[in-house]
Amino acid sequence: MTLGNISTFSGHLHPLIVHLPIGFILLAAIFNILSYKKKYESLKPAVSVTLFIGFISAILACLFGYILSLSGDYEKDILLRHKLSGITLAIISGILCYISTEKVMREVRIPKKLFSVLLLGVIALMSYSGHEGASLTHGNDYLSVHTLMQQVRNKPASVQTAMIFEDVVAPILQNKCAQCHQGSKLKGNFSVENLQTLLKGGKSGPAIVPGKLAESELYKRVTLDPGHSDYMPADGKPPLSKNEIQIIKWWITKAGAVEGKTLAQLKDVDSIQMQVSTYLGFNKTTTGNADGDGGTQAINPDIPMQADTLPMAHLRAKGLMVRLMLKKPVMLDITLPANSGVKMSEIKDDLIPLAKNIVWLNLSGNNFTDSDLHIIRSFVNLEKLRIEKNPITDDVYDDLVSLQHLEAVNLNETKITALTVDNLKKNTGIKRIYTWRTAIN
Amino acid sequence: MSDFHHDAEFRLHTPEFNELNKKLDRRNFLTKTSLGIGALALGSLFGNRLFSSSPKAVSAPVSTGDLEADILRALPHFAPKAKRVVYLFQSGGPSQFETFDYKPVLAKLMGQNLPDSVRKGQRLTGMSANQSALPMVPSYYKFNQHGQNGTWMSELMPFTAAVVDELCIVKSMYSEAINHDPAITFFQTGNQLPGRPSIGSWVSYGLGSDNNNLPTFIVLVSKNGQKDQPLYARLWGNGFLPSKHQGVQFRAGKDPVLFLNNPDGYDGKDRKEMLEYLSKLNQLQNAAYGDPEVDARIAQYEMAYRMQTSVPEVMSTADEPNEIFEMYGPDSRDAGTYAANCLLARKLLEKDVKFIQLYHQGWDQHSNLPSGIATQCKATDQATAALIKDLKQRGLLEDTLVIWGGEFGRTVYSQGKLTANDYGRDHHPRCFTMWMAGAGVKPGITYGETDDFSYNIVKDPVHVHDFQATLLHLMGIDHERLTYKFQGRRFRLTDVEGKVVKDILT
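Residue numbers (my numbering), protein chains in the order written: chain A, 4 to 444; chain B, 3 to 508.
Keep in mind the hints are simulated off the structure, nothing from the lab. Here the structure is a predicted model, which means the values were calculated and not measured. Treat the hints with caution; some may be incorrect.
Sample of chain B residues at the chain A side, in silico, Cβ under 7 Å [claimed, not checked]:
#1 81
#2 82
#3 118
#4 397
Glycine included, each C-beta is placed from N, C-alpha and C at the ideal position.
Using the sequences and the hints given, assemble the complete structure.
Rendered as structure tokens:
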């Protein structure tokens, strides 16, 4: 271990140690005041002991604080005030400790009440010093009248009305960067306070260059290898998620790093809508971890979060394969094995309660007619449908064309004609229609 | 004291107690109680009429205390894109030079020694490490551009070239193993040492079956591949997973599963009766010992009985019209060949068999590569492409993932003497080509790049574990969450590695 590490380490101990003198000096004051009461008179000797521990820990806090001040980019004025008040506090608490010992008390004869007032004065000084210290760490607007008055931006009602900078990018930066790059703590002389400071950047040049990812220092740094010394956020602070990075990337490149614009006012939003709505918490139904290996899959929000297991059990008992594609929402893949001999009337009543959960459906090769398949009309969330090898005709398209989520329809080896295909194409969501071994080819 | 003696004596001579003792041995006790608790939990899960979405019930399921049940209950982790997989394993290490990875620069460098700056100290096998020279050799066969994206394909694979718009070709595969067995074992089980479960059995363990009458995981080894490198049943074994998840190998030939037919004069009713009694005996045994392997045995007898009808049905090619046989090529009428296996695979996929793995041996061209690889391509090219086309026209490519690939690639330099018409290539794990097609992968793309010597990867490397993670991902499984506890450790197919190759996913 090098000396540098030791000093960084002990510097980081300051925020820990600093709470000890606060606690002990406060305790000493409480003991002192309590000791006026007869019941607690016995606490009197404890005051000097407690003050002594407070004094020692205050000295330690001063030492570690000094080491920390060497390493960080802190605002000089606040730092000076914090340093001076801290050291004064240590000295005064030392003096008070000395005069509170019984021996000195007897010789100097400081009135008891004066001592109490001095002690309260120390607490006032301590509060001041503590506030200055907090301003150094959290920014000088952390605890201020301003905080009380500040208006919280309301969460946008929808993705479309969300402002890309104000509602999305700025909160990301506030959350992940502001601790070191805003207010009194301006590491690298860079602030994320507003768009102007972002464009201005810091020591390494502009943080954001509209339209130019490669020149945007901020983007470069958050996408470096986490082991790289320039990687941000530094010191193992929580990194930006992939989702957040994608949003910032889109904002720089596609939105030209604008402010004051809603998504509805911008172009090319299709590629980012998903990420923004995930960030804003609109689609809680994404599968897996949005940042993990799962990626963000677009899941139809209309699929119910629950499904009745009783009809599933009935269907299984009749030989159907009811496969759970996802639990949240409950997405079902239902297959009736070919040539099962099962009639639609036997399964209809169990399919209907699951209508909105059925995402893939395979009813191929079961001698179903057009009228058997009228039921499909109610499977509004259906994405893939297999009804091949059934004696169905052009009457079938009417039941399929209104299905908004349908992507693929298998009509192989049926009696349909080009009429069905032409009509199905009116539903632009349907991307693949299989018509092998039909009159069409 | 005498009481104690009496007690011990009693134990020794009381058969009922011995029986009980057996039931309560430590291992059985643990297995049974954990299974019991799991079953209770499952019972309450299904007894509960609703798959409720209340956060309590779904997002944070109450642990049953049974690790396995908890893991399985979390599945699927994502909405799956693929429902079935057919993995066309080209065993022996097909050369990427004569198939997919076009390296025109090599034509000018023929016979020159492989530069050290390219080799970078890469280990060679004992077969070519002592060669005095490592002369580079271009493909003996010509390449042409095919498909909408002008993908370069060797003239050896005209049929595959015709379906190139369906393929997602990954040119930047790499492995760590340099010899056949560790390399295949690595691909199939995620570890170079034998003993781990194969991909197919992990899928069976994780997702179960979609067809009650056929095994979930079926293996077909073609009879017309040159058997230069052996294959072992452990490549489709269940490792430490319950034995019902092992791959079932169908024999190459007219009788894929032996003794399926009842003996003469013994009809199905008799068989059923016999099996029912046998099952009762097994259940008695199971009640005494509680061994999960007995459960597996009962299940397998029942499966075998159902296979007596399902297998002949799926094996029958009577319904296949001539044009289908023509599409798969002349071999397809000869049961057990690669082409016939491709056709059979399609029929099994139609029945929703979840994982089908074909093996075709003979891609290990250390010498006589030009003629050897031509034979291999001729035996496989047409049927492979036909399988893609057939699945596509039937709409099955929607939710079927097709995979083609071997265990490693081959060297740019010739092993043995290089002549104008003849050369060989040694094993090369640093880069090789695989392709996927169908459910969830982008069609008509090429992913990853190798250098001019197809020796090193220069862009988008894909490790064996990355491939496995991607495969599981397409099936709806997070490879990091599908685990099995064995010998005190939770095992995964991808061990502690693997990244889903998201760039190739639709």
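Hint-by-hint comparison with the structure:
1. Satisfaction of the interface hint for residue 81/B is found here, the shortest Cβ-Cβ separation to chain A being roughly 5 Å, below the 7 Å cut-off.
2. Taking 7 Å as the C-beta cut-off, the interface hint given for residue 82/B holds, the closest approach to chain A being about 6 Å.
3. Checking residue 118/B against chain A by beta carbon gives a least distance of about 29 Å; that is not within 7 Å, so the hint is violated.
4. Proximity of residue 397/B to chain A holds as hinted, the smallest CB-CB distance being about 4 Å (cut-off 7 Å).
In this structure, only the earlier hint numbered 3 is contradicted, and the remaining ones agree with it.
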